[in-house]
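Quick note on numbering: UniProt numbering labels position 80 of the sequence shown as 80, and the sequence is numbered without any gaps.
Don't read these hints as lab results, they were simulated from the structure.
Think about it this way: if two alpha-carbon atoms lie no more than 27 Å apart in a straight line, the pair counts; the simulated DSSO-like pairs of lysine-lysine are:
id: 1; residue 1: K45; residue 2: K17
id: 2; residue 1: K139; residue 2: K5
id: 3; residue 1: K140; residue 2: K17
Pair ranges (Cβ atoms, derived):
id: 4; residue 1: Q48; residue 2: N77; range: 31 to 41 Å
id: 5; residue 1: V29; residue 2: I135; range: 24 to 34 Å
id: 6; residue 1: E78; residue 2: H107; range: 13 to 23 Å
id: 7; residue 1: T19; residue 2: I84; range: 15 to 25 Å
id: 8; residue 1: T112; residue 2: T19; range: 19 to 29 Å
Since the model is a prediction, treat every value here as computed from it, not as a measurement. All C-beta atoms, glycine included, are put in the ideal place defined by N, C-alpha and C.
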Amino acid sequence: MEEHKAKILAVCNQISKGTLMETLSIEYVDVGENFLIARMPVNSKVYQPDGVLHGGATVALAESVGSAASYIFLDGNEFYVRGIEIAANHVKSISEGYVYARATIIHKGRTTQLWEIKVTNEAHELISNCKLTTIALPKKN
1 MEEHKAKILA VCNQISKGTL METLSIEYVD VGENFLIARM PVNSKVYQPD GVLHGGATVA
61 LAESVGSAAS YIFLDGNEFY VRGIEIAANH VKSISEGYVY ARATIIHKGR TTQLWEIKVT
121 NEAHELISNC KLTTIALPKK N
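Just need the whole structure built from these sequences, with the hints factored in.
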């Protein structure tokens, strides 16, 4: 399992090169049977003007990890995965360290999927609670 886990994380991190995920320094750090976890450093690249984590950066992290989880758990070779709706409730500010986003599947339909993404700090305190709906579109040959 550990070898399989390392391979999945390596692929997720590799396909992020040259994308928004790389710009925000998002790194995929853990994967399990029904979840994927990514982290993002909290620094001036993701601040709002008053020096705390910008909600938009948090949402970008949440959508990135939820979409990557859909790609993993739905066979990204067969489907294009797109986020079609995201909602976020920001409950705590943070100005340094890392935030961790854990995407867990709530509903795995053939076409649409519903993900819960909890964004926490290094002390496991909730920063934001997000919900993402993704759609799986078959790739045409």
